[in-house]
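Engineer: Residues per chain are reported as follows:
Number of protein chains: 2
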Amino acid sequence: MLPLNFAGDGLIPVIVQDVTTREVLMMAYANEEAVHLTQSTGYAHYYSRSRKKLWKKGEESGHFQNVKQVLVDCDEDCLIYEVEQTGAACHTGYRTCFYRTLEGETIGKKIFDPEKVYGKTGH
Amino acid sequence: MLPLNFAGDGLIPVIVQDVTTREVLMMAYANEEAVHLTQSTGYAHYYSRSRKKLWKKGEESGHFQNVKQVLVDCDEDCLIYEVEQTGAACHTGYRTCFYRTLEGETIGKKIFDPEKVYGKTGH
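Protein chains in written order, with my numbering: chain H, 1380 to 1502; chain S, 1380 to 1502.
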């Protein structure tokens, strides 16, 4: 396994890409434990900077990410998780978090109603 | 234009994706000026954290990125530049910076010899 450069905060950015459509679904951060759990379980794990805890994608929503391959960049300080996405990646209900252009036009597709999945409090 | 959340250091992570092949080419950071220059010129600009300066991709190598569209994520704290890549994105000579699996297998394609493009000192 390649050595990874976790930044000063112990985290590495992770780009999440749909292995079939090649769509970029989201960006998140992982610590060493999250990378290890992703490898050993085959399901995407991250570290939440706001909640300060490890999380498994889909643990609340059921929208798990089955990780088919992990890629590493030249500087070993960024990863790609190539995944099969159940449902949608974004807590807003869109398939990808990147559903808008910089000009503010919505180009993504809404897959679910977040109130029904997460309750009225959002994620 | 959507408001963007630049982090405490004034930077926003940018995922760079080939608009045709959908390949993820690299990850870099931009400050407000870099995003503005990318929009106004149509060429990818970033902010180098190590060199502490704005840079235009390709200024040394000639491997410019023509930006066709910029996407914003749900939290407005991450961007995608969808680009037409001249040559290769990675300074190592590979088309994408993500040319290896976490296990260390090389799966990417080498496009150029970095010594010929950047000289013996690397980038």
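Accuracy of the hints is not assured; some may be wrong.
[As the list claims (entries may be wrong)] Okay, the calculated bits of chain S under chain H, using three or more residues with CB under 8 angstroms as the criterion:
| # | segment |
| --- | --- |
| 1 | 1383–1397 |
| 2 | 1439–1451 |
| 3 | 1458–1469 |
[As the list claims (entries may be wrong)] The list that follows gives simulated cross-link-like pairs (lysine to aspartate or glutamate, DMTMM-like), each with its CA atoms no further than 25 angstroms apart:
| # | chain 1 | residue 1 | chain 2 | residue 2 |
| --- | --- | --- | --- | --- |
| 4 | S | K1431 | H | D1456 |
| 5 | H | K1447 | S | E1482 |
| 6 | S | K1447 | H | E1438 |
| 7 | S | K1489 | H | E1482 |
| 8 | H | K1432 | S | D1456 |
| 9 | H | K1431 | S | E1494 |
| 10 | H | K1431 | S | D1454 |
| 11 | S | K1447 | H | D1397 |
| 12 | H | K1435 | S | D1492 |
| 13 | H | K1495 | H | D1456 |
| 14 | S | K1447 | H | E1482 |
| 15 | S | K1489 | H | E1402 |
| 16 | H | K1488 | S | D1388 |
| 17 | H | K1431 | S | E1412 |
| 18 | S | K1488 | S | D1456 |
It should be emphasised that the hints constitute simulated quantities derived from the structure, not laboratory data.
Since this is a predicted model, take the numbers as computed values, not measurements.
Here a beta-carbon is modelled for each residue, glycine too, at the ideal position from N, C-alpha and C.
Engineer: Compare the distance between the alpha carbons of H:K1431 and S:D1454 with 25 angstroms, and conclude whether the hinted pair is satisfied.
Structural biologist: Answer holds: H:K1431 to S:D1454 is near 17 angstroms, not above 25 angstroms.
Engineer: Are the Cα atoms of S:K1489 and H:E1482 separated by 25 angstroms or less?
Structural biologist: 35 angstroms, violated
Engineer: Okay, the segment 1383–1397 of chain S and chain H, do three or more residues pass the C-beta test at under 8 angstroms?
Structural biologist: holds (count 3)
Engineer: CA of S:K1447 to CA of H:D1397, is that 25 angstroms or under?
Structural biologist: Given pair S:K1447, H:D1397 holds - Cα atoms ~21 angstroms apart, limit 25 angstroms.
Engineer: Can you confirm whether the C-alpha distance between H:K1447 and S:E1482 stays at or below 25 angstroms?
Structural biologist: Given pair H:K1447, S:E1482 holds - Cα atoms ~13 angstroms apart, limit 25 angstroms.
Engineer: Given the hint that S:K1488 pairs with S:D1456, test it: the Cα-Cα distance must not exceed 25 angstroms.
Structural biologist: 31 angstroms, violated
Engineer: Closer than 8 angstroms, Cβ to Cβ, for at least three residues: run that test on the segment 1439–1451 of chain S against chain H and report holds or violated.
Structural biologist: Since 4 is at least three, the answer is holds.
Engineer: Tell me whether the statement that chain H covers the segment 1458–1469 of chain S is true, taking a Cβ distance below 8 angstroms and needing three residues at minimum.
Structural biologist: holds (count 3)
Engineer: Just to be careful, I want the Cα atoms of H:K1488 and S:D1388 compared with a cutoff of 25 angstroms; is the pair within it?
Structural biologist: 32 angstroms, violated
Engineer: Starting from S:K1489, check that the Cα of H:E1402 is at most 25 angstroms away, please.
Structural biologist: 24 angstroms, holds
Engineer: Would the hint linking H:K1431 and S:E1494 be met if the CA-CA limit is 25 angstroms?
Structural biologist: 43 angstroms, violated
Engineer: CA of S:K1447 to CA of H:E1482, is that 25 angstroms or under?
Structural biologist: Judged against 25 angstroms, a Cα distance of about 13 angstroms means the pair holds.
The structure does not agree with the numbered hints 6, 7, 9, 12, 13, 16, 17 and 18 stated previously, though it agrees with the rest.
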